[in-house]
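**Q** What follows is the residue order along each chain.
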Amino acid sequence: MTTVVPERAALALGDDALVLSHRLGEWAGHAPVLEEEVALANIALDLLGQARTLLSLVGDEDDLAFLREERAFRNVQLVEQPNGDFAHTIARQLYFSAYQELLYGQLAASDTVFAPLAAKAVKEVAYHRDHAEHWTLRLGDGTDESRRRMRHALDALWRYTGELFEPVEGLPVDGPALREGWLGRITGVLERAGLALPEGPQHTPWAAGGGRQGIHTEPFGRMLAEMQHLHRSHPGASW
Amino acid sequence: MTATAPETEAPDTAGLEAVFEAAVAADERIEPRDWMPDAYRATLVRQMAQHAHSEIIGMQPEANWITRAPSLRRKAILMAKVQDEAGHGLYLYSAAETLGTGREELLDKLHAGRQRYSSIFNYPTLTWADVGAIGWLVDGAAITNQVPLCRCSYGPYARAMVRICKEESFHQRQGYELLLTLSRGTPAQHAMAQDAVDRWWWPSLMMFGPPDDASAHSAQSMAWKIKRHSNDELRQRFVDICVPQAESLGLTLPDPDLRWNEERGHYDFGPIDWDEFHEVLRGNGPCNDQRLAQRRRAHEEGAWVREAAAAYAAKHGEATA
Ligand SMILES: [Fe+2]
Ligand SMILES: [Fe+2]
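In order, the protein sequence lines correspond to chains A and B. Read in our numbering, the first sequence has 222 at position 192, and its numbers run on one by one without any break. Read in our numbering, the second sequence has 231 at position 228, and its numbers run on one by one without any break.
By construction, these hints were calculated from the structure, which means they are not laboratory data. Possibly wrong hints are sitting among the right ones.
Stated by the list, open to error - Here are some of the chain B residues that sit facing chain A, going by a computed Cβ distance under 10 Å:
| no. | residue |
| --- | --- |
| 1 | Ile60 |
| 2 | Pro73 |
| 3 | Met82 |
| 4 | Gln86 |
| 5 | Leu181 |
| 6 | Tyr315 |
We put the CB at the ideal spot given by N, CA and C, even for glycine.
So that you can see chain B by itself, here it is in the shape it has in the complex:
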């Protein structure tokens, strides 16, 4: 890979750092060939990799329902959605590659359990309504998290996020519409929708990460304008969006403490079970092993295909160049 720091490593790091800081302060974009602090680069690679991994692991819980989708229209929507997530993975691995870390290396780290993906995908999709709940809540939370990333200081990441956010908002609306259809359908369908929302609500709130006073990377990321809002701010924003939507859906959210706080101008909500969050993060969620095993299996079973493509390219590369 070539897109690392400038070839001529200048002795005057302080000067370069000042240029970098000024660019970030002026809301300019940092581009792959610009000088950047090592820690900034490492943070971005880690975050983009985790994001890319989340896209491709996130295909699994929804792909679980493609073959059982109850109408051909829903089947087409779901297949297109899962395909979009694969596309998001592609954009994000490419964005990470601009900083000199290739997709193969990142996948190896994912498969070895050395890089994370969003914990939300360690929960199972038990009924068809879970497809709707994921669209509405999980894609919804992802949008809340990611819209600010469209203004992230690193150019390739910000640009990838602009494309991705457009598609995620489709997913969110499709999920909402799926749930609405169920909620207004037969009593069994309504119950299926309520059950899914009951199971996905709290894990969705955990998607914003630990509370601000316990968040390890937040402050530096905010200073670098990789992150624009704190975890708790984004979580509150998400709750405020969801409560009226749940009402329109005719569904309830499983939190007895949820109520409008006139003074704050926000909804208050109950305490999050951070023990569950940390347990799932530690690998003890309901599907951690299953998700990683499927990913590894697909990769290992596909090795001979990738080798064949590489061998063919080596044989015929010169001829077509």
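Next up, chain A with everything else stripped away, as it sits in the complex:
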């Protein structure tokens, strides 16, 4: 067990969880059915718990969440994408939870400081993936409208998926195996849902890099402005 915490890796994992949790929290009071108010909040709470553990490995969780500027966040762009309609949220959940489950599976078996967290979180994430798959099937194989919306959402978010498999400093992950496992999972679910795997690139062509390098998409700045405003309005206060 290494004792030095790789900061880049902790921030990458922690920010993914923090940002996705925030986006899911935006659903509160807006979900299509009461059961989903409960389910989406459950997932958001799991992710927030993971984020707090991970960020606390490398600093004060609140300083990191509320006082960093946008360029210092290391989450992938996928998790910061706006909720859109329910199909968009489900597509984002599907892509991310399948990745996170495989990633945490690898980390749980690793000799890193992340192993204990990953071992615990992988069970939570299995539920998140199950929830996303459940809805992917229902939306893909439901009505014409739900199929159209789900296909559109899967296509729209596809170009944010390539970033999931880029190496992160301090994270001893087998990238190609992760990518292969992920693609297998997604292909399998979409097939069962009667949906085609999106075509097209999994990256944008812009060379500046992605979320892991602190390059984010425009909606992210607004998200942070909302999230950080109150905390920053009272410097040094405790809550």
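Starting from the structure of chain A, add chain B with the ligands where the hints point.
**A** Just chain B with the ligands, lined up with the frame of chain A:
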């Protein structure tokens, strides 16, 4: 729905009524399949529906602060609280369903403005401290109202209330603790807490409903043991609990007439502005339109999702059964 009155409607209603009255008198629980007077059933459905609607509309003012919660710990507590309220809504719609009225029908009535929810949620949450004030005062008033409902004569409602009250008392303590932190924090935080309590105090007292001499449904509900204490009794109980708590919080309550009455053994308090209460009830509160519009919008925008789930179940239902 099947859980209506017994299939064989007996000619001897008087006999059934006597059995019902005796069960209520003996503090036994009435269960869904037991015979019950139509008016008892209607009263319960109305009350459980209103209660369920209050839980889900009540998510809105607090969800308003989830994305702005000033620490990750507070954010987790608030998300869990709003989630609890959704759960309460689920329990209560299920309890109402035992009397033959489904959730869809009740939601339609809410969206059409034909059923009410607690008026307290027509007030806005303007600052972070409002989250604390709602926990302390609104959940606090809800507990005062609802603890007696754990002994309500209708079994499913009473059992739902036992679960709900446990969670509400968590919410109340969390709200108190939030306010305490603010009250002992910076001068700006203290002022924020005081301002929130100033705005939420009187609407909280209105949560117990009109005074006893003006309360339309109270007497019959008391006789049926749906209700156990009068509105004014519960309101007094709440005031008596809150005054010392406000002192411990280091906050004041916005009522110059508030003082201990040795003779009565209770706190006296000033007159409630019942005009405001009736105006808000009539739909003219600060957020009535906004709350109902958001609820309708969520429901309408979610229609295609519910239709998809239903279509999928119809296609695959037999296969998995
Ligand atoms: Fe509740
Ligand atoms: Fe509550």
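**Q** Against each hint, give a clear statement of whether it holds in the structure.
**A** Taking the hints in turn, this is what the structure says about them:
1. Restraint check, isoleucine 60 of chain B versus chain A: the minimum CB separation of about 9 Å is within 10 Å; hint holds.
2. The interface hint given for proline 73 of chain B holds, since its Cβ lies 4 Å from the closest Cβ of chain A, which is under the 10 Å cut-off.
3. Given the 10 Å rule on beta carbons, the hint for methionine 82 of chain B holds: about 6 Å separates it from the nearest Cβ of chain A.
4. Annotation: glutamine 86 of chain B was flagged as interfacial toward chain A, and the flag holds, the nearest CB pair being 4 Å apart, inside 10 Å.
5. About 8 Å separates the beta-carbon of leucine 181 of chain B from the nearest beta-carbon of chain A, less than 10 Å, and the hint is met.
6. Here the hint on tyrosine 315 of chain B is kept, as its CB sits about 4 Å from the closest CB of chain A, short of 10 Å.
Hint check: no violations occur; every hint is consistent with the structure.
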